[in-house]
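Colleague: One letter stands for each residue in the lines below.
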Amino acid sequence: MAFQLILNVFIAVVWMFVSGSASASTFIIGYLIGLILIMMTRRFFKERLYIARLWAAFKLTLLFFKELTLSNISVLRVVLQPKMTIQPMIFALPTDLEHDWEITLLSSLITLTPGTIVLHVSDDQRTLYIHAIDVDDVDEAVDSIKHTFEKAIKEVSRP
Amino acid sequence: MKTNDVILQTTTKVVFFIIFLFSIHIFFAGHYTPGGGFVGGLLTTGALVLLLLAFDLKTVKQALPFNFTIVTGIGLLLALGTASASLVFNVPFFTHAFDDFTLPLFGVTSLHTAMLFDAGVYLVVVGAAITIIQSIGGDA
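Protein chains in written order, with my numbering: chain A, 1 to 159; chain B, 1001 to 1140.
Derived by calculation from the structure, the hints in this document are not laboratory data.
Computed from a prediction, not measured in an experiment: that's the story for all the values here.
Some hints here could point you the wrong way.
[Said to hold, decoys possible] If the Cβ cut is set under 10 angstroms, some of the chain A residues that face chain B in the computed set are: (1) D100; (2) W101; (3) I103; (4) L105; (5) S107; (6) V118; (7) V121; (8) Q125.
Note that beta-carbon positions come from the ideal geometry of N, C-alpha and C, so glycine has one too.
Whole structure, please, built from the sequences with the hints as guidance.
Modeller: Rendered as structure tokens:
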């Protein structure tokens, strides 16, 4: 990803030298031309196009805001319920994320969505211990995190 | 017992730079807007303390191999030197001078010798605070 980004900036700078102007608009035009060139020659790169990863990161952000709204509403319902029918629970979430930043990002996303809090990361970084306010079924809770956040983070980090 | 600090350490690696950058900004802002050597120095100390909390004393000492007692000394020398430099020009002790210079990138900038004095204060604050924390935290 870094190589493609540097190449794109390099093409834009070369474009600025070729057209003999050092303004920001020339840089943007050169950058867009470089983007088209890199898209045309994408078979020569071992990794995905970096635009795809940026798009995945954008989708992860949207997903986060969607989950934030939905889980806020569900916590509001728990708070306003006259009877305490909740079932708090601490469960283990096995994860196959590898990098430190992926685990930090996943934990932050889980903690920022109301109703769930990451308590501890196991020493081998393979398990997250999560506290949830209201869980009917552990497998369901694990699956819902695995299928939303973990999948989206993997989509961002895949080379 | 050793626990897994992956979240704290990864976040620190990002947040440290933001705090440090802000402390530099606060230091240079001191002349016209709130800020200055003291708060700038304390913010830098705060960034270093965050490093000390996330990692351990030994790691931080290896990463930043400064003797902070000497940093305090350099700061005091800088402050005293700026104050007494006015004696050379035959004006009273602590008289400051300033002038406008044209610097590359910055344009016309007013440079004031009070900033050197502030840099001395900054170094004294950072050196003293980190010395206190390191000697309380360390074994010896």
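Colleague: Work down the list of hints and note, for each, if the structure agrees.
Modeller: How the hints compare with the structure:
For D100 (chain A), the interface hint holds, since its Cβ comes within 10 angstroms of a Cβ in chain B; the closest pair sits about 5 angstroms apart. Because the smallest distance between the Cβ of W101 (chain A) and any Cβ of chain B comes to about 6 angstroms, under 10 angstroms, the interface hint for this residue holds. At its closest, the beta carbon of I103 (chain A) sits 6 angstroms from a beta carbon of chain B; the interface hint therefore holds under the 10 angstroms criterion. A least Cβ separation of about 9 angstroms between L105 (chain A) and chain B falls short of the 10 angstroms threshold, and the interface hint therefore holds.
Restraint check, S107 (chain A) versus chain B: the minimum CB separation of about 5 angstroms is within 10 angstroms; hint holds. Annotation: interface hint on V118 (chain A) holds; nearest CB of chain B at approximately 8 angstroms, less than 10 angstroms. Nearest Cβ of chain B to the Cβ of V121 (chain A): about 5 angstroms, under the 10 angstroms cut. The hint holds. Taking 10 angstroms as the C-beta contact cut-off toward chain B, the hint placing Q125 (chain A) at the interface holds, the least distance being around 6 angstroms.
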